[in-house]
Every structure is written in structure tokens, then in C-alpha cells.
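A.B. asks: So you can see what is in the structure, the chains are spelled out below.
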Amino acid sequence: MSVIKVENLRYRYPRQTELALDGISFTVEPGEFVGIVGPNKAGKSTLCQALVGLVPHFYKGAIGGRVEVAGLDVHATPVAEVSRKAGIVFQSPFTQMSGAKFSVYEEVAFGLERAGIPREEMLRRIEWALRLLGLWELRDRNPFALSGGQMQRLAIASVLVMQPEVLILDEPTSQLDPAGTSEVFAAVTDLCRQGMTVVMAEHKVDRIAARADKVLVLDRGQVLAWGPPGVVFSREGLEGRGVAVPPVTVAARELGWQEPGGTYPVTVEAAVRIGGAALGRDQG
Amino acid sequence: MQNTLYVPGNSWVHRLDPVSKILLTVVGLVLTFVLPGHLLPALLLAAMLVLLGTAGVLRRVWAVFAGVALIAITFFVVQGLVYAGNATPALTLGPLTFYREGLLLGLRLTFRLYNILASTLILILTTRPSDLVESLVRRGLPSRFGYVIIAVLQIIPIMVEAAGRITDAQRSRGMETEGSLWVRMRAFIPLMGPLVTSSLIATEERALALEVRGFASNRKPTFLNDETIPSYAWPVRIAALAVLLLGIAGRVMLS
Numbered sequence: 000m001s002v003i004k005v006e007n008l009r010y011r012y013p014r015q016t017e018l019a020l021d022g023i024s025f026t027v028e029p030g031e032f033v034g035i036v037g038p039n040k041a042g043k044s045t046l047c048q049a050l051v052g053l054v055p056h057f058y059k060g061a062i063g064g065r066v067e068v069a070g071l072d073v074h075a076t077p078v079a080e081v082s083r084k085a086g087i088v089f090q091s092p093f094t095q096m097s098g099a100k101f102s103v104y105e106e107v108a109f110g111l112e113r114a115g116i117p118r119e120e121m122l123r124r125i126e127w128a129l130r131l132l133g134l135w136e137l138r139d140r141n142p143f144a145l146s147g148g149q150m151q152r153l154a155i156a157s158v159l160v161m162q163p164e165v166l167i168l169d170e171p172t173s174q175l176d177p178a179g180t181s182e183v184f185a186a187v188t189d190l191c192r193q194g195m196t197v198v199m200a201e202h203k204v205d206r207i208a209a210r211a212d213k214v215l216v217l218d219r220g221q222v223l224a225w226g227p228p229g230v231v232f233s234r235e236g237l238e239g240r241g242v243a244v245p246p247v248t249v250a251a252r253e254l255g256w257q258e259p260g261g262t263y264p265v266t267v268e269a270a271v272r273i274g275g276a277a278l279g280r281d282q283g
Numbered sequence: 000m001q002n003t004l005y006v007p008g009n010s011w012v013h014r015l016d017p018v019s020k021i022l023l024t025v026v027g028l029v030l031t032f033v034l035p036g037h038l039l040p041a042l043l044l045a046a047m048l049v050l051l052g053t054a055g056v057l058r059r060v061w062a063v064f065a066g067v068a069l070i071a072i073t074f075f076v077v078q079g080l081v082y083a084g085n086a087t088p089a090l091t092l093g094p095l096t097f098y099r100e101g102l103l104l105g106l107r108l109t110f111r112l113y114n115i116l117a118s119t120l121i122l123i124l125t126t127r128p129s130d131l132v133e134s135l136v137r138r139g140l141p142s143r144f145g146y147v148i149i150a151v152l153q154i155i156p157i158m159v160e161a162a163g164r165i166t167d168a169q170r171s172r173g174m175e176t177e178g179s180l181w182v183r184m185r186a187f188i189p190l191m192g193p194l195v196t197s198s199l200i201a202t203e204e205r206a207l208a209l210e211v212r213g214f215a216s217n218r219k220p221t222f223l224n225d226e227t228i229p230s231y232a233w234p235v236r237i238a239a240l241a242v243l244l245l246g247i248a249g250r251v252m253l254s
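Same order as they appear, the protein sequences are chains B and L. Mapping of the first sequence onto numbering that gives the first Met the number 0: position 121 corresponds to residue 120, and the numbering continues sequentially without gaps. Mapping of the second sequence onto numbering that gives the first Met the number 0: position 38 corresponds to residue 37, and the numbering continues sequentially without gaps.
The shape of chain B in the complex, shown without the other chains (with noise of 0.2 Å):
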């Protein structure tokens, strides 16, 4: 049974006369990672919100279709009830921290408080949280003395001891270095594999390429392609749109490696296992 549903999806902002998305529909599978890219203003951001209920319950504006979320309504439901089904991490790790604590331990309580947690729980989800995200040892410090990718992996320890059913990261590696893009990476990939269904708005496509089962493509709020990554990124006519495709990609496409489907590598393992077999192919 699909963790998310969205069918038919429409937004206007207030004030504007172009839809922000416009007649979006996918689902997404229990444990499945998402990738949604597309250039800017393409609605990336604006369908992560969407699937919190930020979008409309916080921006108003004109909105129709349906998005259904672990089950509930998104459109009919509280952004505090959906926020205990589906975390949403943002770009920038500063403006996530609460400001209203002066550790990462209390940060991470912060949104167990306002849910009405049991303190026991609440200590036994924090630790399991900070530990999966390598905060542990760093407890006790000020949120706003970490690094960039400490303060972004605060950021989703505070989104997962809500023990989400999805979580949702809109670019949340725009503003890191490449250090602190890959400990999100690494973090978000290690919650994958323990059977977290994750949705992750994203430019650094490559990386996207290489870790996600699906990918969406977005352009003026509609839907350019949806499906593996393989198969999104070999369509011809992307780049045009100005979406970014895996280097890899293209350049295999140059040289004409193909997968036995059909599709062009998204990864360079991959590049590198057909790209040996063809080379192996024309040596002979």
C-alpha cells in the first residue's frame, strides 16, 4: 500500500496568476528514496511542502487535487498532526534550529515536548536518533556552534524522533560544503537501508542518481518524467529543459554505453562496468 499518494495536484500562491504545480501525480512504496529535481522554480520546494500540509494550511492560496500521507488527508489535517507522520527537513540548517535550546540533546526534545511524549520515551528516542546521526558525542554542545552538515544532521535527528513513516529534505545540502553534503548523504542513505521512505528535493543530481529507487522530474510544475533513474535520465531532450542529467550520463550517452535496457549508466560503477565491456567488446 503506497505511503503517498498525491493525484492530480494544483497549487497557486496568493497573489499570483501562474500554478506553482500543476496537475502533479505519483506514488510512493514503503522505503522507497525519491528524488525530485528539476531547474528552479521548477516546484521542487513547493511539493515538499505540499506533502507536509505547509502548502496550503501556511501559504494559503488556490489549491486542488488530493495528497494523501501515511494515511491522513493533508489537506484536512493540522501540519502539527501530519508533522508526527511526515518530517520535513530545510535548506538552511540555521534557521531549523528552535532557538530555544542550549544543547543539541535539548534541541532534539524540542518537538517530543510539544507532542506531549512521556519523558521516558523521550530519552529513549533522542539517544536512538543522536547516535544515528553521529551526534551523540556532541550532545551536550550549542546547536549554533556546529558545523554546517552537525547542524543539518540536528536538523533531521530532530525530524526522525518523531518517528516519521516518510521523511521529506527539501535541498538540504544547498547550502553545505562538499564534507558536510556528504555526511547528510551518507546519514540519509544509512536510513534508507533501515526501511525509512524517503523524499529528497535536490540539484546535486548525481548523487541523486546514485542512491535513489525513483526520481521525478519537475519543470514549470509539472511533471517531466517519473521513474528509475536509469530510465529518467537517459530521455533525450532534459538538458534542454535545463535539467541537470549525471555527467556520467552524458558522457556515456556520448560514447554510447548503454545498459542492456536500453538506459545509460547513473552511476560510475556502473559507466565503468559497461564502458569495460564494450571496450572489451571492440579490443576483440
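FYI, nobody ran anything at the bench for these hints, they're computed from the structure. The structure displayed is predicted, hence computed values, not measured ones. Nothing false has been slipped in among the hints.
Some chain L residues flagged as far from chain B (calculated, every beta-carbon gap over 10 Å):
| id | residue |
| --- | --- |
| 1 | I21 |
| 2 | V25 |
| 3 | V49 |
| 4 | L92 |
| 5 | P94 |
| 6 | R172 |
| 7 | W233 |
Quick list of in silico lysine to aspartate or glutamate cross-link-like pairs, DMTMM-like style, CA-CA up to 20 Å:
| id | chain 1 | residue 1 | chain 2 | residue 2 |
| --- | --- | --- | --- | --- |
| 8 | L | K219 | B | E119 |
| 9 | B | K40 | L | E203 |
| 10 | B | K213 | B | E6 |
| 11 | B | K213 | B | D189 |
| 12 | B | K213 | B | E31 |
| 13 | B | K4 | B | E67 |
| 14 | B | K59 | L | E204 |
| 15 | B | K59 | B | D21 |
| 16 | B | K59 | L | E203 |
| 17 | B | K203 | B | E268 |
| 18 | B | K213 | B | E164 |
| 19 | B | K4 | B | E164 |
| 20 | B | K40 | B | E17 |
| 21 | B | K213 | B | E235 |
| 22 | B | K40 | L | E204 |
| 23 | B | K40 | B | D218 |
| 24 | L | K219 | B | E120 |
| 25 | B | K59 | B | D72 |
| 26 | L | K219 | B | E80 |
| 27 | B | K40 | B | D21 |
| 28 | B | K84 | B | D72 |
Don't be surprised by glycine CBs; every beta carbon is placed ideally from N, CA and C.
Chain B is already provided as a structure; the job is to place chain L on it using the hints.
C.D. replies: Below, chain L without anything else, positioned relative to chain B:
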């Protein structure tokens, strides 16, 4: 990055619950204005300093006291020279004559100033701001209001840091930000636009982040930390109230 005066410690004052410390502060503040003369305010200040000494925070107290010393000196100078009730010359420095009545009033005002500070510092120096607010929220303070109080303490240094970043960026583009007072004042104006704009954007993003962490939840909140009220809290509260009543009664009888 912490914009508070809190001095970490484990003294009996630190371990005292925030409500008891609020009571100590209130008693100190009321007595500051109730006690007559000079001897009793001096005794009150001495008692407060003993309390602060047992809390191990005197070094920070002296720093705060030194910071307002100029105000105390102003009391002596202004009142000693121009107090309406001045009649008895006490000291002459060149053309200036200081009068006994004015100097005594200056002393009384100085005791008030330092008693107010000492009373407040008992609470501020020995209580983590988050513990203080949490204690009040447990007793009915709306948690949104509590959040605003505590967040302001954290946000101020963040804004100071942001202002530094913007100034650096402007300086790297050739803007003069250092030099005479006039140059600094001119540099202040272009700083305000980006600082206010970025703060507003950050505020919206933080509001979103809070929203999805259940900030608007209608559930009854729970707390990470158990509230511990030491066994000596009630004796301290009763003693503080007794001293307060004694002070008020003495004042009434004297008048």
C-alpha cells in the same frame, strides 16, 4: 554562542528552583524600596552579596557592579551639588561645593541601584534561562510567550553575527566602515536594509521549521527535564517572606 549572564555551577543557590529564586529577587526588590535610612539598605546589600558569594558568582557580580559605577558616581556628583535640600557644605573641590544632604541622598540612591542589581543577579547568574522559562510554563505561562522570551536571548547574538557578515561583505566591495564616528554612522544605514531583510526571511523559515515540529500542537506539553525542588526550598521561601514582612512592618512602625 550564548547571550546570557548565567554562570554554570552546583551551589545551593544554583540548585534552588527558579520559583524560589524569583521570590528571593522580589523580596530583595521590595525591601530595596521599603527599608529606610542607610544602615538597613547596607545590611540588605551585604546579605545579598553573602548569598551571591555562596553561589560562587561574585566575580561576575563585581563586573556588573563596575559597569554601573559611573551611574553611582553621577548620583553623588549631581545630588551633592544641586539637591534642593542641600544646606551643609561637606567638601569643596575648587569652585565646586558638595553638600552633606545631597551626598547622603546619593549614597541612598547608590544602595538602591546596587540592591536592585544584586537582587536581580541572584536569579540571572544562577538560573539557566531555559530552566526559568520552563518553570514558568509549567505554572501556566503560555508556551508561545515562553518561547519568545528564550528565543530572543539566542537570536540577538545570531543577528550580531549576521551584521558582522554583511559588514564584511560591504567592506570587501570597498565601502568604508571604519574610521571616525561619522564614517561609522554612515556605514550603519546601508547595513540595516540587508540585516532586516535577512532577519525577516530567517524568521519565516524558522516559523516553518517550528510549525512542522509541532509548535502549534494542542497537546499538553511534556518536559525533558524533571523539575527538582530541593528540600530546603520551602524553608528558604518562608525565611524570605518572613524577612519581607519584618521589613514592611518595621517601615510601617517607623512611619
